[in-house]
Amino acid sequence: MPNHLPSQSRIPGIVPALNEWPSFSPGDRVRVASRSPIGHYRVPVYLRGMTGTVVSIIEPVMVDNETEGYGQNAGSRRHYYRVSFRLRTIWAAYSGAPADELRIEIFETWLERI
Amino acid sequence: MAHEHEHDHDHPHAEISVSEMPGYYEVMETAIRELLIDKQLITGNDIRHQIEVLDSRTPALGAKVVARAWVDAAFRERLLADGRAACEELGISFYDDTRLIVLENTETVHNLIVCTLCSCYPRPVLGLPPDWYKLKPYRARAVSEPRIVLAEFGTIIPDDVEVRVSDSTAAVRYLVLPRRPEATDDYSEEQLAGLVTRDAMIGVIPVTLGMEN
Numbered sequence: 422m423p424n425h426l427p428s429q430s431r432i433p434g435i436v437p438a439l440n441e442w443p444s445f446s447p448g449d450r451v452r453v454a455s456r457s458p459i460g461h462y463r464v465p466v467y468l469r470g471m472t473g474t475v476v477s478i479i480e481p482v483m484v485d486n487e488t489e490g491y492g493q494n495a496g497s498r499r500h501y502y503r504v505s506f507r508l509r510t511i512w513a514a515y516s517g518a519p520a521d522e523l524r525i526e527i528f529e530t531w532l533e534r535i
Numbered sequence: 005m006a007h008e009h010e011h012d013h014d015h016p017h018a019e020i021s022v023s024e025m026p027g028y029y030e031v032m033e034t035a036i037r038e039l040l041i042d043k044q045l046i047t048g049n050d051i052r053h054q055i056e057v058l059d060s061r062t063p064a065l066g067a068k069v070v071a072r073a074w075v076d077a078a079f080r081e082r083l084l085a086d087g088r089a090a091c092e093e094l095g096i097s098f099y100d101d102t103r104l105i106v107l108e109n110t111e112t113v114h115n116l117i118v119c120t121l122c123s124c125y126p127r128p129v130l131g132l133p134p135d136w137y138k139l140k141p142y143r144a145r146a147v148s149e150p151r152i153v154l155a156e157f158g159t160i161i162p163d164d165v166e167v168r169v170s171d172s173t174a175a176v177r178y179l180v181l182p183r184r185p186e187a188t189d190d191y192s193e194e195q196l197a198g199l200v201t202r203d204a205m206i207g208v209i210p211v212t213l214g215m216e217n
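Those protein sequences? They're chains A and B, same order as listed.
Going by my numbering, the first sequence opens with residue 422, and the numbers climb by one from there.
Going by my numbering, the second sequence opens with residue 5, and the numbers climb by one from there.
Only chain B is shown next, with the shape it has when bound in the complex:
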């Protein structure tokens, strides 16, 4: 229930608080969390720490992997052979024990990733997925009309380029290795990493110089 209080200032505004009742799944999550802590299977600090782990993963890590692959052909080969091992070389740990397959975009293949069943995502290298990635319209349409979804992101794939959608559903996660933009020969690895966005590593847009800050 909303707390009533006198206002000194002259404009009305909503109380800054959570006033809605928690939903079904939120109640279930709270109940299970409290039970696990009560039974001493995990501690509150374990949960806090795991949130810290998740928060430490951002698309900047994936961008670093992509830029390294662009400048180092041997690394690129190792990355395509075993994505996880190559990321681990750069110090990126796989705290969730998933495998990683890196999908290389080429002149003839454009890759797109999705999780139709839920929200599987390469969190160790990209952090948390964007909301649209978890919503049903993207999940359903990415596998049934990928070219139309891509066009809505402004990405038009010519008909002679294969669109290859990877649906991550179990123990494997995917990361798209975008094509290196032209006219970047004199860029440093760090400058290249600055061009690589989260959406390009999901595969909904290419990497372009226009994204540069």
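Same shape as in the complex, but just chain A:
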């Protein structure tokens, strides 16, 4: 059960719908799943398996673009997260400044907690 909303915004006894509340919070370390689905996907290959940090939760919950691509416009809505990665951790030979970052929005089903 996702349980990461700030406690002050919760009322005891209120039960959210499945996936209504975000599973991750800003600051969480996450890994992008390294699966390789066939067909329409929205997570670039260069980020699969990479480790990053959740910067923010993108509201509101949305339908997964990957299923929407096949005409499924209803059903399971979840959050997208803005996730940051150090460019140095993505590219071993990265020659720019150490602080340089990549940021991207990733659907909840692609993220694993670490």
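Please keep in mind that the hints were generated in silico from the structure rather than gathered at the bench.
On a predicted model such as this, the values are computed, not experimentally measured, just so you know.
Reference excerpt, derived from the structure (chain A facing chain B, CB under 7 Å, subset only):
id, residue
1, R463
2, P465
3, M483
4, N486
5, W512
6, G517
7, A518
8, A520
9, E522
10, I525
11, E526
Idealized CB from N, CA, C, for every residue including glycine.
Take the given structure of chain A and dock chain B to it, following the hints.
Here is chain B on its own, set in the frame of chain A:
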């Protein structure tokens, strides 16, 4: 096949027409469009209207948003908190139902936007993307060697400034809020908007007074 005709004038030139065979994707697009119309799911007028919607969006809208953010601190805060809602305040609709995150350039962070998977772009506020934005060299290099790409645009970012690349891939679009140039204190909002270019809102160049007409 080229149409043959007599020329009255004295110089040769190519026939002004499309003489190449349509490519694979062009044929597929035509076939799907005709099927959708045949099955009465959409009309030819729907397509024409959507082209009109796209043509009505230009970088002038984005420039207006940027200039407002420069002169109105409260608007700037709303823009950074929810880009779409703030643009809607100015009458800019999000016909494609995308979210908008506005990325503020500061003394310590320089933002750049790209879509590595295709050509996601903040079309509601900027219109159609430039061709180079859609081509693979930019898409691949913007995320792997952004500083070198920026340098090719003439933009040298000091090492103590973080380069932050945002890859738009799904439901969110990005717009760069460039830094306001110095010595523009006496500029009107309209004059400021005149300084803001498309490329500055993608993040490949800064806004400078030199771009002024």
